[in-house]
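**Student:** So the chains spell out like this:
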Amino acid sequence: MELKTFRGGIHPPYQKEATANRATVEISLPAEVVIPMQQHVGAPDSPTVSVGDRVEAGQKIGTSEAFISAPVHASVSGTVKAIEDRPDFTGALVQSVVITPDPGQPSKWTDKRDTSNLSADQIRDIAKEAGLVGLGGAAFPTYVKLSPPEGKPIDTVIINGCECEPFLTCDHRLMLERTDDLIAGLKLMMKAVGAQRGYIGVEANKMDAADTLTAKLAGEAGIDVSILEVKYPEGAEKMLIDAITGRRVPPGKLPSEVGVLVQNVGTAVALQDAASTGKPVIDRVITVTGPGIKEPKNMLVKVGTSIEHLIEQCGGFAGTPGKVIMGGPMTGWAQKDLTAAVVKGTSGVVVFDSASVDVEEEQRCVGCDKCLDACPMFLMPNFIVKYAKVGKWEMADKFGVNDCFECGCCSYVCPSGISHIAYVRKAKAELTAAEKK
Amino acid sequence: MASQDLIVSSPPHLREKGLMGSAMRDVAIALIPLIAVSIGFFRLYAVVNLAVAVVTAILCELVMRAIMGKKANIGDFSAIVTGLLLALLLPPAVPLWWVVIGVVIAVAIVKELMGGLGSNLFNPALFGFATLMIMARVPLQVSYNLGSIDGVTTATPLTFIGVGSGPLSGFRPGYWDLFFGHAGGALGEVSVLAILVGAAYLIYKGHVTWQIPASILGTCFVLSAILGENPLYFILAGGLMLGAFFMATDWVTSPDNRWAQIVYGVLIGVLVVVIRLYAAPVGAVAFSILIGNAFAPLLDRMFVRKKFGEVKAVA
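Protein chains in written order, with our numbering: chain A, 1 to 437; chain B, 438 to 752.
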């Protein structure tokens, strides 16, 4: 069978063996949970509770009136200990609600109701009320994506089960462990946008998940499993749409431009959970792994749990930690300490011990063109860097810096060890600032 | 927990390792067939020239980087490759101190003084060679044209370019000699086959794309035919093959975008034909590529790559 794919990209070592076959486990409660008021793309929320308040798990504790936003909920039952600015996983200070959990947590959301009769509007409301955002990492509010713009009908919904980031296996586990809910979640999304076609895109290194899904989908009209080449970034929205449907989203446009909606595996499962039990997004599956972790695991984690607690739950560090990354190793954020909290979009924590950290001294670009071949957006990353270095932002723009989605393929193949993404972010910020003037 | 020791850097946190060293090493490996044939024909002359060039290149790099307070960088193989290429550009009987001067210009001045690998506008080996061509024009020309050391070498096959089908054309070497092995001209002119074997390896390894050599050779073939030359002889003779596959494709000094590479190749091809036919055949390829180098940055700006999903605006 010929595997579907896109042009460009790279083949990093996947290193998923440590956790791919480990079932998701629940972990003990942390001493406190830190819930940032901004875990999503869009406007931040304002707290609706005060210090000293008792809160129930699933209770809304932050809201916003803005269209592009998502409410946040208490992930545990307990007492509000503080409302203060805390650094999030990017290092930015974000207003956060700190909750001390009760020693015993109530069991909730066990009754399931049938979701097949929900209307499109009801599904959107459920997504909004549950604070659902893209759980693959982008954290874009789901109900916004489920409300396609006028005149741009969506005919296809794609569930992204590529999990092309090395090391991570949380989506893989969800596809195996929550197969029925995943399919039900996809059907809800198709109904919400009125799409007739559904796909679940799975990379060929997760054939157990693909086979399980295919078996469950037997006799199901309109939904197919699409097996994709194992290549990074296969799961990038535009690449995935191209690979599965052959449609290419134009520069600067959204997938709705070509009639497609893409959602992550975790988002589909969470939508089904919210629709069937009323459970908002207060926990998620994440993978804690890497050569610097003693016992790598897939675990169900409450939003607001610190990295430190996760690492303790995995038996601690193996060796001296060199780099702790929130997210995958290609796009994740290196942490300066272990205090940052898991948010809705956190897919994993990857730890490299000091011996296995890739440190490369940045050299001059030698014009090898390897970044041009690797770039899935067909940009010229070396030129973007060249102009960003001398502050020629408009030239960086001409070479497509705003079309870069920061997958990091260019830096992966760069023989000069250039960190393109640092320059890209700088150029984007400068261009945005110039536009505002 | 000793968290203050954590390394914080921008993503990606995975890198392919040792790429620079392996890429330049591959270029050196790709030159092995040519070097072997060259040594087969020129024996000690080739061995000594190549050795002197490589040793000088390494010394130049070490000294220059030490003076400028930079870390030694021999592991990236780029100085070694430059030394090898320069020796291959020169005829076997050249005085050794010319080899040394050529390499000093190439590595110490054109590469390291310009800021090191990646900062040079011009191909270091070709620049060193071109400087020698100007400084020692007459003796170099003579040694290319007559050769005749130990009766081993003969004149460069370039002598027969521009003679058309006149009486001299009967003396020129045949295609098969040029292809498989022929002792004439520079060390690097001995065998087209050996160059193609090395080039195939570089293309297979992904270090070189077909666009530049194909457009240079294609342009030379067509244009020389139009101007009444024997096109096959034209592209097989002299340093054109070595230049097209190993010099014009130099990462640093060639354009990066595919369309820019094709235009760059065509430009070099036209220059080679014009210089060979209307100026001097020896050094034509070198001067053409150096002029091409100067155009490379402009060409990259003129031919910005078409982005993913970009379609031509309908007017």
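Fair warning: there could be bad hints in the mix.
EDC-like, lysine to aspartate or glutamate: derived pairs with alpha carbons at most 16 angstroms apart [unchecked claim]: (1) A:Lys216 to A:Asp180; (2) A:Lys4 to A:Glu229; (3) B:Lys744 to A:Glu406; (4) B:Lys743 to A:Asp403; (5) A:Lys279 to A:Asp397; (6) B:Lys508 to A:Glu406; (7) B:Lys454 to A:Asp358; (8) B:Lys454 to A:Asp180; (9) A:Lys253 to B:Glu747; (10) B:Lys743 to A:Asp397; (11) B:Lys744 to A:Asp397.
FRET-style restraints, in silico, Cβ to Cβ [stated by the list, open to error]: (12) B:Leu558 to A:Ala318: 47 to 53 angstroms; (13) B:Glu747 to A:Thr214: 49 to 55 angstroms; (14) B:Lys743 to A:Val51: 41 to 47 angstroms.
According to the in silico footprint, chain A covers these stretches of chain B (three or more CB under 8 angstroms from chain A) [to be verified]: (15) 446 to 452; (16) 455 to 462; (17) 525 to 534; (18) 549 to 563; (19) 682 to 691.
The set of hints was computed from the structure by calculation and includes no laboratory data. Since the structure is predicted, the reported quantities are computational estimates derived from the model, not experimental observations. By construction, the Cβ of each residue, glycine as well, lies at the ideal position given by its N, Cα and C atoms.
**Student:** Compare the structure with each hint and give your call.
**Tutor:** Cross-check of the supplied hints:
1. Using a Cα cut-off of 16 angstroms, the hinted pair lysine 216 of chain A and aspartate 180 of chain A holds, with the two alpha carbons roughly 8 angstroms apart.
2. Under the criterion of a C-alpha separation no larger than 16 angstroms, the hint pairing lysine 4 of chain A with glutamate 229 of chain A is consistent with the structure, at around 6 angstroms.
3. Among the hinted pairs, lysine 744 of chain B with glutamate 406 of chain A is consistent with the structure: their alpha-carbon atoms are about 15 angstroms apart, no more than 16 angstroms.
4. This hinted pair checks out: lysine 743 of chain B and aspartate 403 of chain A have alpha carbons roughly 12 angstroms apart, not beyond 16 angstroms.
5. The suggested pairing of lysine 279 of chain A with aspartate 397 of chain A is violated, with an alpha-carbon distance near 43 angstroms, which exceeds 16 angstroms.
6. The hinted pair formed by lysine 508 of chain B and glutamate 406 of chain A fails the criterion: a straight-line CA distance of about 31 angstroms is larger than 16 angstroms.
7. For the given pair, lysine 454 of chain B sits about 8 angstroms from aspartate 358 of chain A by alpha-carbon distance, which is consistent with the 16 angstroms threshold.
8. Our distance criterion of 16 angstroms between C-alpha atoms is broken by lysine 454 of chain B and aspartate 180 of chain A, whose separation comes to about 42 angstroms.
9. Of the pairs offered as hints, the one joining lysine 253 of chain A and glutamate 747 of chain B holds, with about 11 angstroms between alpha carbons and a cut-off of 16 angstroms not exceeded.
10. Proposed proximity of lysine 743 of chain B and aspartate 397 of chain A is supported: the alpha carbons are some 14 angstroms apart, at most 16 angstroms.
11. Between lysine 744 of chain B and aspartate 397 of chain A the CA atoms are separated by roughly 12 angstroms; this keeps the pair inside 16 angstroms, and the hint holds.
12. Separated by about 48 angstroms at the C-beta atoms, leucine 558 of chain B and alanine 318 of chain A satisfy the suggested range of 47 to 53 angstroms.
13. At about 35 angstroms, the beta-carbon gap between glutamate 747 of chain B and threonine 214 of chain A misses the expected band of 49 to 55 angstroms.
14. In this structure the hint that lysine 743 of chain B and valine 51 of chain A lie 41 to 47 angstroms apart at CB is violated, the actual value being about 56 angstroms.
15. Remark: the segment 446 to 452 of chain B is confirmed as covered by chain A, as 7 of its residues place a Cβ nearer than 8 angstroms to a Cβ of that chain, reaching the required three.
16. Under the rule that three or more residues need a Cβ within less than 8 angstroms of chain A, the assignment of the segment 455 to 462 of chain B holds, with 3 such residues.
17. Requiring three or more residues with a Cβ within less than 8 angstroms of a Cβ of chain A, the coverage given for the segment 525 to 534 of chain B is violated, as only 0 such residues are present.
18. Beta-carbon proximity to chain A at under 8 angstroms applies to 5 residues in the segment 549 to 563 of chain B; the threshold of 3 is reached and the given coverage holds.
19. Proximity of the segment 682 to 691 of chain B to chain A, defined as three or more residues with a beta carbon under 8 angstroms from a beta carbon of that chain, is established by the 4 residues found.
In summary, the numbered hints that this structure violates are 5, 6, 8, 13, 14 and 17.
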